[in-house]
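**Q** Keeping their order, the protein sequence lines are chains A and B.
Residues in the first sequence are numbered consecutively from 1, following the numbering used here.
Residues in the second sequence are numbered consecutively from 1, following the numbering used here.
Calculated from the structure, these hints are not laboratory results.
There may be inaccurate statements among the hints.
Capping the alpha-carbon separation at 27 Å, the derived lysine-lysine pairs in DSS-like fashion look like this [what the hints assert, rightly or not]:
| hint | chain 1 | residue 1 | chain 2 | residue 2 |
| --- | --- | --- | --- | --- |
| 1 | B | K107 | A | K101 |
| 2 | A | K288 | A | K60 |
| 3 | B | K91 | B | K81 |
| 4 | B | K54 | A | K403 |
| 5 | A | K101 | B | K110 |
| 6 | B | K110 | B | K76 |
| 7 | A | K101 | B | K54 |
| 8 | A | K101 | B | K76 |
| 9 | A | K101 | B | K94 |
| 10 | A | K204 | A | K190 |
| 11 | A | K101 | B | K337 |
| 12 | B | K355 | B | K337 |
| 13 | A | K165 | A | K60 |
What follows is each chain in one-letter form.
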Amino acid sequence: MSEKKEAVVKKAAKTVKVPQISHRKIRIAALLAVMGPGIIAGLSDDDPAGITTYSQLGAKYGYRLLWVLVLSTFALILFQDLGSRIGVVTRQGLIGLVRQKYGARSGVFSASSLILANIGTMTAEFAGIAAAGQLFGMSKFISVPIAGMLVTFLVLRGSFGRVEKVFFLLSAVFLSYVLAGFLAHPDWGKAFHGMVVPTMPFTKDAVFMATATLGTTLAPWGLAFIQSYAVDKRLTRDDLKLLRVDVWTGSLLTGIIGFFVIVTCAATLNREGVFNITDASQAAIALKPLAGTLAKDLFAVGLVGAALLAASILPLSTAYSVSDLTGRPAALDDGYAEAPLFYGTFAAITVISAILVLLPGAPLITILLWTQVLNAILLLPLLFYMFGIARDRRLMGEYRAGKRMQSIYVLIIALITICIGCMVWFTFH
Amino acid sequence: MKTPAVPAINTVAKRIVGRRDSVLARKNIRESLVSVAGLIGRPVRDNDGRDLGKLVDVVVRHGEETYPAVSGLIVKVGARKSFIDGARISKLTKDEIRLASTKIDLKEYKRRPGESLLDADVIDHQIVDVNGLRVVRSADLYLAPLDKEIRLVGVDVSFVSFLRRVFPGTLRRRPTPDRVVDWATVASLTDSGGQVRTAGPRSALAQLRPADLADLIEDLVGREQGALIEMLDPNLAADVLEEMEDDDLQGLLRGLPAERSAELLALMEPDESAEVLRDLNDEHRESILDAMAPEAAKTLRLLVTFDEALAGGVMTTHTVICRENDTVAHALSLLVKHRERDISDGVVVVDSKGKLLDHIQMIELVSAKPAAALSDLIGPPFPTAVHIDTPLDEVIEEFSNNRGSSIIVIDSANKPVGRIMADDLVDALVARTERRGFAQGSGALT
Numbered sequence: 001m002s003e004k005k006e007a008v009v010k011k012a013a014k015t016v017k018v019p020q021i022s023h024r025k026i027r028i029a030a031l032l033a034v035m036g037p038g039i040i041a042g043l044s045d046d047d048p049a050g051i052t053t054y055s056q057l058g059a060k061y062g063y064r065l066l067w068v069l070v071l072s073t074f075a076l077i078l079f080q081d082l083g084s085r086i087g088v089v090t091r092q093g094l095i096g097l098v099r100q101k102y103g104a105r106s107g108v109f110s111a112s113s114l115i116l117a118n119i120g121t122m123t124a125e126f127a128g129i130a131a132a133g134q135l136f137g138m139s140k141f142i143s144v145p146i147a148g149m150l151v152t153f154l155v156l157r158g159s160f161g162r163v164e165k166v167f168f169l170l171s172a173v174f175l176s177y178v179l180a181g182f183l184a185h186p187d188w189g190k191a192f193h194g195m196v197v198p199t200m201p202f203t204k205d206a207v208f209m210a211t212a213t214l215g216t217t218l219a220p221w222g223l224a225f226i227q228s229y230a231v232d233k234r235l236t237r238d239d240l241k242l243l244r245v246d247v248w249t250g251s252l253l254t255g256i257i258g259f260f261v262i263v264t265c266a267a268t269l270n271r272e273g274v275f276n277i278t279d280a281s282q283a284a285i286a287l288k289p290l291a292g293t294l295a296k297d298l299f300a301v302g303l304v305g306a307a308l309l310a311a312s313i314l315p316l317s318t319a320y321s322v323s324d325l326t327g328r329p330a331a332l333d334d335g336y337a338e339a340p341l342f343y344g345t346f347a348a349i350t351v352i353s354a355i356l357v358l359l360p361g362a363p364l365i366t367i368l369l370w371t372q373v374l375n376a377i378l379l380l381p382l383l384f385y386m387f388g389i390a391r392d393r394r395l396m397g398e399y400r401a402g403k404r405m406q407s408i409y410v411l412i413i414a415l416i417t418i419c420i421g422c423m424v425w426f427t428f429h
Numbered sequence: 001m002k003t004p005a006v007p008a009i010n011t012v013a014k015r016i017v018g019r020r021d022s023v024l025a026r027k028n029i030r031e032s033l034v035s036v037a038g039l040i041g042r043p044v045r046d047n048d049g050r051d052l053g054k055l056v057d058v059v060v061r062h063g064e065e066t067y068p069a070v071s072g073l074i075v076k077v078g079a080r081k082s083f084i085d086g087a088r089i090s091k092l093t094k095d096e097i098r099l100a101s102t103k104i105d106l107k108e109y110k111r112r113p114g115e116s117l118l119d120a121d122v123i124d125h126q127i128v129d130v131n132g133l134r135v136v137r138s139a140d141l142y143l144a145p146l147d148k149e150i151r152l153v154g155v156d157v158s159f160v161s162f163l164r165r166v167f168p169g170t171l172r173r174r175p176t177p178d179r180v181v182d183w184a185t186v187a188s189l190t191d192s193g194g195q196v197r198t199a200g201p202r203s204a205l206a207q208l209r210p211a212d213l214a215d216l217i218e219d220l221v222g223r224e225q226g227a228l229i230e231m232l233d234p235n236l237a238a239d240v241l242e243e244m245e246d247d248d249l250q251g252l253l254r255g256l257p258a259e260r261s262a263e264l265l266a267l268m269e270p271d272e273s274a275e276v277l278r279d280l281n282d283e284h285r286e287s288i289l290d291a292m293a294p295e296a297a298k299t300l301r302l303l304v305t306f307d308e309a310l311a312g313g314v315m316t317t318h319t320v321i322c323r324e325n326d327t328v329a330h331a332l333s334l335l336v337k338h339r340e341r342d343i344s345d346g347v348v349v350v351d352s353k354g355k356l357l358d359h360i361q362m363i364e365l366v367s368a369k370p371a372a373a374l375s376d377l378i379g380p381p382f383p384t385a386v387h388i389d390t391p392l393d394e395v396i397e398e399f400s401n402n403r404g405s406s407i408i409v410i411d412s413a414n415k416p417v418g419r420i421m422a423d424d425l426v427d428a429l430v431a432r433t434e435r436r437g438f439a440q441g442s443g444a445l446t
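With the sequences and hints as input, model every part of the structure.
**A** Okay, structure coming up:
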């Protein structure tokens, strides 16, 4: 029978025309399908804490320290790229891999510091929402609970695809910073100079600002998030090339947004002598007489979007990490009954942070300060773990980092170590 | 922080412990359990109690036995790690290990096929809990003396036991037997060079439905996915592959050697294999097809070129085709010969030029005389046939109009080239619905 059949089939092949879909069309559709982890994880690093830091950097030092942002963006590209690749190749989240490779203590240490740091950061996001709400005359007792519910509803009720779409929409809000930047009429020549010529006043404050910029751009929760998200999105090794486009785009956008925030503040606040601002909403208010009401509103709108995006990602990132540690991998499309730990963590982080912001007399400034310190301290071991995983042949196989990449990672880690070292040194002197 | 895993596992454990054939049910074994996680770092001493070094890892040998025996220890002596044969252990308790002789030859340990290092390869790695039907991380492993050897008898997957390991001192080493699951009911997927692992889990795995196994595999990590597939009988593995999501299947194939992929794809339904191959990149597809038997590869090479939105892209080529002058007995013998294939509902009859005449149902064949020619059975109702590049929508319409379980696909010369079964159509429709989503996303239909 089969000989007969082969003959028949062969003849059929000649008569059948296979419709050709254009190559380009396939590529764009494929890219859109892979897009997400890089852009979302990257842009959520431009959260209110990040915008505040960038504003302070611009207000205090003008265009001078822009090179720190360039360097941070480079580090962000490298490690987000590494994180997403580890996720796709091993199909495990960062914390799970740390447990597997470095043992129970490292796993528990990383997870518990992440939880603490993430509660702190989430508190900062809610504080950002509260501050931005006040700019539009809304009490924080209204804006924070609404934001909390919005975020919870969005992430917990939607399917993976829908959640991702809303994330993308929120990301578009960041364009307002670009517009505000143009409205401020910055000195592009000076900005370019500041980007490529590194100068550094060796003062406690400048070192703190530089380290804070690095720490807010390359946040531990962002690293943990991109890896888990790539796993949850079920990306495969074939997607790696497109994923790299996504990660580079996302990280570059993160840097570009940061650039515009810095130059906006440099061109207005710094030039007019407004050097000290404590948060991003203050920067928005200070912008009004200098760059107009529109610039102030754009700044405030950007702040709300940034806070909402980061406030959606943070509890999600924490929930991924906790599920990962316990060895019960969870996904956005799992039901409540399937993944109570996942959803429980999500809810706990959101509720605790909202309470911290709303509680009268809660030491908010202290919490935010310690969160920054904790994030900086946590960043180093996480980068070391990622470096270790990247060179692990058994885990990464053919995707193991080569000698040249390894030395670049070492260089970046060394640089960050120096920054954090300087910060610690200045703290005690 | 509390994990929901604990109560679930406890019930599994109790169920297992309650079973008569479980070694954990034996009191002496339950009382002599030694935690591997707690043992790491403990002193290794000679018979007189002198310290020789500290334990780094425990090596077990996987074979046909359900409970793998400890084949050796890796001990840190001074600055070096050396291997000590398991036969020289005289006493193993939760606090120390005693050796029968003092002599230690400082031999570097080299991984051998069929062996795994319990701390480096198994603890904190993913394992398959066959009873609970899920992938978990092992928190601890337990050794006990059994059949004159020290064997790996249990695994602990509870989060509480995991947290216990974070603490220093004796708390870390205390076994928690009520949470231990029998080693026979889990499948460890350690990298032991593609060797056959324990016999127990293999048979336990074979009891699972292909769809459940597919879910398990989708939860696993690359290398371990491959390991689980290697543990299965090829026919079962092929069924499992058919149940997997496209993206996951592609990922899995990328991790398997081309020969193994070729073997499994050849066992799958040709239309399903073709669908998978279509999504692979050219190089990978060719490497798999090259490793396949020429005939199977030829069919698949052709099927791959068909568009998924047309009849040719969803059809299966598993069809028994007979000439009109063949006998009923011949047709029946062909059906019997290919019985493992999903084609048992009848034969397609063609004329001397190979053109489609009729599809004859099994019941007609069975009720006819064996010596009768198939041409005698030809008559209405005639089967529905569609051309090979009929769009899927029209195929669906034809299907709903004629209400059969399959439809015949013909080429321009009116020759049958394959069939579309109802389930192929369901698969195609499901794939379409999924593709309509924005992201290729985490699969589940919402």
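**Q** What hint numbers does the structure not satisfy?
**A** 4, 11, 13
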